[in-house]
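Q: Anchor point for the first sequence: position 335 equals 335 in our numbering, and the numbering is continuous, going up by one each time.
Hints listed in this document are in silico derivations from the structure and should not be mistaken for laboratory results.
Just so you know, not all the hints are guaranteed correct.
Pairwise CB distance ranges (calculated) [claimed, not checked]:
| no. | residue 1 | residue 2 | range |
| --- | --- | --- | --- |
| 1 | Ala118 | Ile417 | 57 to 63 Å |
| 2 | Ser34 | Val307 | 17 to 23 Å |
| 3 | Ala58 | Thr337 | 47 to 53 Å |
| 4 | Lys363 | Arg247 | 34 to 40 Å |
| 5 | Gly69 | Asn318 | 30 to 36 Å |
| 6 | Glu238 | Asp142 | 31 to 37 Å |
| 7 | Asp110 | Gln416 | 28 to 34 Å |
| 8 | Thr337 | Gly69 | 49 to 55 Å |
| 9 | Arg114 | Thr413 | 47 to 53 Å |
| 10 | Ala283 | His386 | 37 to 43 Å |
| 11 | Thr337 | Gln439 | 44 to 50 Å |
If you're wondering where the values come from, they're calculated on a predicted model, not measured in any experiment.
For every residue, glycine included, the Cβ atom is placed at its ideal position computed from N, Cα and C.
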Amino acid sequence: MLVSEPASPKRENTISSPESSPKKSESGTSADSSGTLRHRLLGPSVQKSGQDGVNQAAVSEIIYQASQGSKYFEHQKRKEKDLTKKVEYIVNQAAKVSNQELEAAEVRVDALIRQYEATRDLTQTIVHVDCDAFYASVEELDHPELKSKPFAVGNGVLCTCNYVARKFGVRSAMAEFVARKICPELIVLRLNFPKYIEKSNAIRMILSEYDPRHCAMTLDEAYLNITEYCAKVTKDREEVVSEMRRRIFETTGLTVSAGIGPNSRVAKIASNVNKPNGQCAIANDREAVMEFMCNLPVRKITGVGYVLERQLLALDVNSCGEIYRKSALLYQIFTDTTMTFLLNCYLGLGSTEVKPIDQYERKSVGCERSFRAISEMAQMKQKLQHVAEDLEKDCKRLNLAGRKLGLKLKKATFEQISRQRPMPRPINTASDFYRYGLQMLEKELPITVRLIGLRITDLVNLSHEGPMKTFLKGQRRHNDRLEDEPSTSMNIHAEFKGLVDGSPDMHDDEEIGELVMMIQGSQEEDASGVIDDYRSSAKAIAARDIKNEEELVHNTEPALESESLPLSTDSGGSSTALVSCPICGNQVSADDQALNHHVDWCLSRGAIREAVKETFN
DNA sequence: GCGGATCAC
DNA sequence: TATGGTGATCCGC
């Protein structure tokens with residue numbers, strides 16, 4: 001059943017003209033970057049829906065004029081120049097590739113394609129659901145009079161805007177002052193998360209009926225596997241999704257768009273096709289999938305951003321189908337990782353597994369803040385302190401500590417620098433964050449910064465139980481662990497990477513007990529001996545090197561953060577006493593664990609972070 | 001392992 | 001006058 005023969009009929013002959021790229025006439029140093037710079041300044045949401053009648057050239061000119069001369073503008077200009085240089089380099093490299101090399105590459109690429117093709121799974125029906133202009137639509141429910149007026153949600157930078165505003169060329173991620181130049185009558189509302197969270201929960205409640213294990217990526221986006229549901233109700237998948245969308249609209253007043261396909265990649269891309277308030281289904285059929293992908297502009301592929309698009313275009317790869325046409329050349333230019341990613345896109349392959357977001361293990365937690373550029377130490381200390389306190393809050397809430405601390409600075413010029421340092425022990429307090437962060441900051445002086453951020457990695461999970469229980473648990477035997485906590489995010493990472501069982505991805509219980517004591521106990525000063533002991537006992541970090549094969553490339557799977565659970569998904573099923581969530585006001589099981597979990601989710605920065613999301617729609 | 005970059009949202 | 005915050009991953013050294 002595995003068709004090894006690529007469907008795409010033609011592949012560009014290796015003996016193709018080396019001088020076939022017409023647009024290289026301009027020597028790109030600085031003169032031609034004006035055009036691409038405008039493109040860059042336009043931002044990431046240009047090709048999104050709702051901008052049909054927009055005069056992009058005029059909008060682009062206004063943005064350019066409004067930005068010109070600012071530090072931000074100059075930084076973008078530098079970056080654009082660098083990129084142009086890099087693209088030129090790549091084109092030069094491409095010209096040097098010999099026909100012999102191309103032929104050899106062709107053989108390898110074909111082998112790769114056969115290998116990937118063999119993984120194709122057309123048995124699942126995956127749906128990607130995407131709310132239309134989510135924040136804006138929620139606001140319209142409370143302010144119906146806004147429906148006919150251009151308005152946006154955000155603060156300084158727009159998170160999203162309604163479709164009226166989009167007609168003017170207003171977009172998400174646009175600076176507010178720029179947006180007002182484009183659309184002087186624009187109304188800007190501030191973010192109101194409790195409202196968005198509540199609506200999001202209501203939507204997820206409905207999604208759960210179609211797939212209790214759906215994956216809520218953000219407040220306004222989710223993946224479902226409706227294979228089982230369709231079988232159960234013996235209904236057509238399009239009918240099912242249509243009904244689901246109708247129900248969402250009837251109960252929340254919000255419209256959503258959906259994509260249906262054999263895997264998440266196809267579903268995700270398809271959900272944008274008939275936005276807003278539409279759906280698009282791609283049959284679980286190899287030809288249908290390949291055809292759908294074939295004419296897709298490369299920028300529409302999730303994972304292809306501004307930079308990769310520029311590089312692909314320079315190699316005359318405009319559409320997804322052209323990836324195959326140029327695959328031998330691409331193989332010589334890009335890394336294996338990128339090549340794997342591109343070929344999987346061309347083939348329309350993707351993940352067919354959907355699982356709840358809380359099954360993913362968080363790898364870092366951080367906090368950063370922008371402000372007017374400063375250079376005095378006293379002021380920087382104050383900002384650092386503030387960031388450290390915010391980070392502590394998140395750590396406490398998530399019950400995490402970190403073995404490494406990272407400092408991020410953005411200079412007044414918008415140039416960013418980051419410094420990272422292993423800690424003598426896992427840390428999770430503001431005072432530690434501040435102290436060690438300050439040490440790193442001092443090494444960068446003198447400096448003028450407009451942003452300071454702190455982030456911890458190499459996380460230690462302190463959750464579930466208090467230190468005592470954890471300590472006791474540490475005394476037990478290895479075997480006890482398995483039947484213990486069925487759901488927690490401990491070993492999921494390993495499972496995710498296909499390691500499943502004996503993977504030493506996390507620390508075992510003994511280590512955790514030890515860690516808790518170290519953190520809570522010797523808060524002061526680095527008992528170096530003890531620490532070295534601890535560190536040397538740390539297990540080998542598997543995981544990283546395993547991605548050699550298979551996808552996992554460019555976010556094949558959603559890599560997400562922490563807790564996400566709707567209401568009363570509570571599996572204990574015990575007494576179902578309900579209380580009101582203090583955050584969203586919804587009814588939640590009064591069960592301690594369930595309630596805590598829900599509140600955690602409600603407060604989650606992951607949810608709040610949505611503030612700045614919706615980089616499109 | 002670190003720092004810079006890219007990407008998503 | 002003026003352009004976000006959180007998290008992940010990849011790549012080159």
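Q: If a hint holds in the structure, say so; if it does not, say that too.
A: Hints and how they fare:
The hinted range of 57 to 63 Å is not satisfied by Ala118 and Ile417, whose Cβ atoms lie roughly 44 Å apart. Take Ser34 and Val307: their Cβ atoms lie about 18 Å apart, and the range 17 to 23 Å holds. Distance hint check for Ala58 and Thr337: the Cβ-Cβ separation is about 40 Å, which falls outside the suggested range of 47 to 53 Å. The hinted range of 34 to 40 Å is satisfied by Lys363 and Arg247, whose Cβ atoms lie roughly 36 Å apart.
At about 34 Å, the beta-carbon gap between Gly69 and Asn318 stays in the expected band of 30 to 36 Å. Between Glu238 and Asp142 the C-beta distance comes to about 32 Å, which sits within the given range of 31 to 37 Å. In this structure, Asp110 and Gln416 break the distance hint of 28 to 34 Å, their C-beta atoms being roughly 41 Å apart. At about 39 Å, the CB distance of Thr337 to Gly69 disagrees with the hint of 49 to 55 Å.
With their beta carbons about 49 Å apart, Arg114 and Thr413 fall inside the hinted range of 47 to 53 Å. Distance hint check: the CB atoms of Ala283 and His386 are about 53 Å apart, inconsistent with the given range 37 to 43 Å. Roughly 35 Å separates the CB atoms of Thr337 and Gln439, a value that falls outside the hinted 44 to 50 Å.
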